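Following the hints, put chain P in place on chain D, whose structure we already have.
Line by line, the protein sequences give chains D and P. With the working numbering, the residue at position 294 of the first sequence is 294, and numbering never jumps. With the working numbering, the residue at position 234 of the second sequence is 234, and numbering never jumps.
Relax, there's no trap hidden among the hints.
Among chain D residues calculated to face chain P with C-beta under 7 Å, some are: (1) Thr176; (2) Ala185; (3) Asp187.
In case anyone wonders, no lab produced these hints; they're calculated from the structure. The model shown is predicted, which means the values in this text are computed figures rather than measured ones. Note that the Cβ used here is the ideal one computed from N, Cα and C, for glycine as well.
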Amino acid sequence: MEIKEFLQHLVNGISLGSLYALLAIGYTLVYGILRLINFAHGDIFMISTYAGFYLMSSAILPWWIAFLLAIILTCILGILVEKAAYRPLRDAPRISLLISSIGMSYLIENLAIVFFGGRPKTFPIPAIFDRIITIGSVKIPTLSFIIPVITIIILAILLHIVHNTKTGMAMRAVSTDYEAARLMAIDVNKIITFTFAVGSTLAAVGGIMWGMKYPSLIPLMGVMPGIKCFIAAVVGGIGNIRGAVLGGFILGLGEIMLVAFMPALSGYRDAFAFILLIFILLAKPTGLMGKNLAEKV
Amino acid sequence: MLIINDLNVHYGGIHALRGISIDVPDNKIVSLIGANGAGKSTTLRSIMGIVKSTSGEIIYKDNDISKSKTKDIVEHGLALVPEGRRIFPDLTVVENLTLGAYWRKDKQGIQKDMNWVFELFPILKEREWQKAGTMSGGEQQMLAVGRALMTKPQLLAMDEPSLGLAPLIVKDIFNIIKEIHSQGVTILLVEQNAKAALEISDYGYVLETGSVALEGEGKKLLNDDQVRKAYLGEAI
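The shape of chain D in the complex, shown without the other chains (with noise of 0.2 Å):
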């Protein structure tokens, strides 16, 4: 292989790394506070694709008020279905708090197929992202530089909420005991439901790049990313961003190498998210950089 095709890989790799590692701490961050696999989040990821799809095809708004809009939307879908389906459960045992998401995701496929129709459409991409740079003789998309960039920016703004704001360390007091964080006059209530807006804007912004990436939506597009990115939070360490990030770019990048490798292997691109989960629970159960706890789901 050249080094020029190995670049472009590596390129593409790293932006569906990205994309899969935004995803992804949608689910460490709910699991870190409720111990819950939020099945609902590829599925939140998914609407909000259509979300920027039907924002843009109105073709009134410009690009980046649309786009806006839509991650607003979505950051209130993820809002609204914690208080659907899992504030009730809060005092319940957690499986049922674990079919309560997995209920949410069926409903939330189902309406989408009722509401935007089982034919895939395509993500208008705006001008502005649609451009090829070449340099030397690598051609590269802007989208593969734009897509990692606002990853990092994003993990950047986040890491420091979590770290060095209040509201960062009630959410890590929360995830650790929700009755001493109470005795700290800390509504418990409150910061899950920023925890599920966070995790839901993640997605969100994924979910657009995602759409400008893969242009072809359908109401089923968030399973595959959701259960991908859900192992990589698993492979990642499962409640820790880093990890959860760690886990998306192993992932990304060991996808497109494969396929980039071995074309022969193409078909099975799927199927190496879940050998490498195979793999990890084998070797290393707590993930790559996580903690030993003492249960799990």
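Okay, now just chain P, sitting in the frame of chain D:
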């Protein structure tokens, strides 16, 4: 300051508190003693709104707080040092203390109280940036007390502050309780270490299977035959 009137609490099918009435006057130290399962912790947890009572009143400064949320109760000036310390192990000492002051907006007051906590527990100042989970049991207990003080309580409830600590450190903890009390904080103390608790208490209640079996001034209870036999392990 705090008056509990005929409080009943049910846990699932268990009648954990059976009509308890307790009076904690302003600026006093009051102890609850009794065996395991007598309802001491449940009393403290229902005061803080963690456990909801089925009937009865909890009057704090003329307001019934028995239906209030924990958050509001803390903001009204009640704090609990929970059993088992329950500090946030992944957070640093300073972060733990800062969370104690989560609801407060008075930056200067917070800094002042933080300094006060460091004065009370110099070891916490030394370990300022250490993760709380890496400290010893005694240090964690000090942090738990310091964190509760950061909520700016007028009444501080403590659940078994001496549990599982070395005798020398237990002595320190009781001295600290006296020191905190001398700063004008009312103390409600739950202890299995009945002797040490009653020695520093103005008033004490002995709980048995969810009700008050005996009450009286701390010194009086210390000399009570029944108490000495049952809780102080003395042969008479």
